[in-house]
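Can you make the complete structure from the sequences, with help from the hints?
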Amino acid sequence: VSTVTKVDPAGPAGSTHPLSERRPLGDRTFQAIALASGLLVLVILILIAISTSQQASSWFSTEGLKIFSRTWNPTANQFGALAFIYGTAITSAIALVIAVPISVGVALLLTEVVARRWASPIVYAIDLLAVVPSVVWGLWGILVFAPWVQHIYTSIGSGVNGVPVLGSLFGPPSSGASFFTAGIILAFMITPIVTSLSREVIATVPVIDKEGAYALGATRLEMIRGAVWPHSQGGIVGAVLLGLGRAMGETIAAALVIGSAATITPHLFAPGYNMPSVIANEFGEATGEFRAGLMGLGVLLFIFTIIINVIARGIVERSARRHRGA
Amino acid sequence: MAVATEQPRPDLREPAGWRRTKNRIATALMVLAFVLVIIPLGFVLFTVISKGASVISGSFLTSAIAVNVAPANVGGIGPAIAGTIEITALATVMAVPLGVLGAVYLNEYGGNRPLARLIGFMSDVMTGVPSIVMGLFIFSIWVLHFGYSGLAGAFALGCLMLPIVIRSTYEMLRLVPNALREASYALGATKARVTVTVVLPTAIGGIVSGALLAVARAAGETAPLLFTILTVTTVNRNVFSGPNTSLPSQIFSNAISPYVGAQARGWGAALTLIAIAFILMIVARFVTARFTKSLR
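From first to last, the protein sequence lines are chains A and B.
Quick note on our numbering: the first sequence kicks off at 1 and runs consecutively.
Quick note on our numbering: the second sequence kicks off at 1 and runs consecutively.
Worth flagging that the hints you see were computed from the coordinates, not collected in a lab.
For each residue, glycine too, the CB sits at the ideal point set by N, CA and C.
Just to be clear, a hint being listed does not mean it is correct.
Some chain B residues judged to face chain A by a derived CB distance under 10 angstroms, without partners named [stated by the list, open to error]:
(1) L61
(2) E221
(3) T222
Quick look at the structure:
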């Protein structure tokens, strides 16, 4: 409609200027709305940074560098975040150690081993895993998995008690709700994303490279090592980092199974805490400096995950571009 | 001929010995990896179905939420189902149009411009922002000023859905053949008209299924709702004011309760939530299947 009514009066009579630079108002309005929606992403990210740091400002200003101290004691007004940062690092590390080999294995199985008609039920199962909500993992984790796994922890603990390194990692005290349980549950939760991203990366390996390897008499394993791996290494690192970002920020499942004890201990089977869980469990009742501290943990978590995601996306994008160009 | 017969025949048998064994071990490990994925999945689904199915009944799905000490057969999750539907629907109404428009900007207008590339990149990064941070964000800018409400929860869920919708829509728009756009331009249509009447309808199936997956993800989120909607025990029909509740919030509060009745109701709610998420996923797959068939 606007194309007809918006005739440029300076132009030749009767012409609607199909090739003119000046586009109709409706068209430009639509472009502006689309641009505004795109910009919304940047606006939200900036607003998250500003609003949460503002709420946390008193924590940052009164504690200064003590925000990284070891003591978190709300009743004594001491808010050091180290125990939670430590817990986040430990649980994410456990999650990655478990999830990465599984995810890469399943991704290779899907791309290099099984026939297409077998691939789709496997993808379906992975998708189902992704659809199980965090809180359901948590419910199952605390009511079913933790009590069951506690026996295993106890027997492992008594087995390695006194052994130098193993004893301090896996020895007693052990509890069903612990760093390790949280790590296992997080591993289940990040497996789908690491699998699907690795699979996308592996799928970009040129068929000619793979067939070249087979033609030289390579077994499948040798083909994967020689043709698939060098090609997809970078992209898989990106996928793993994205999984790490997820594991760090995953909240509710960890909040239910981690044991809720702000301690820094090498005992992986002992109750612990991490950044998102302490926010989830305690923000509701927190006021004043306590609330500012928890908000500050949120700010730190935001910064950590943004950094990891920017690096990961950069790696994934660069490896995708390189392969498209090649 | 004589020369050819004298040549040693190439060994075309399977690789022998250690190489073959290693290859077999590697394949077995890959299958094992898949088995390790299936075990927890099967374990969770089995537990949720077996414990949840005995609790679910018509009155469970509609009754008000009982106190935690009540036995399993008292009360239900009606307010939580109502809240989840209200809040997720509101979040969808906000996030899906904006996400589709954002993707339209990225694919139809932005091209390779630095701003478009920045928005596309940051939108992917935004999918990695922890959901609890979204909750804290909405708490800071909305709840502190206007109080707890379903709307605040919808804002938080909308922020989570937005980048997912942008990404999935963008991928779909890229699949729309350029010939369709050029044919419309040749008829004198403006870019906006081409986008609205040709590009988006062509990609609608993929856009819908991407949106459904985003809804499924949002409906299962607890963390962004903890400090935005709280929990209530009766249905709050007004999504714009007053505390509300949702299935995930209810499961969370039941999971930390020591009472057997509350835990049983938690399993019932978990089965309901998983059923909703699975239905959304299956519908999304169905839509995708039909859509890809029609494109071919």
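### Message
Please list, smallest to largest, the hint numbers that this structure does not respect.
### Response
1
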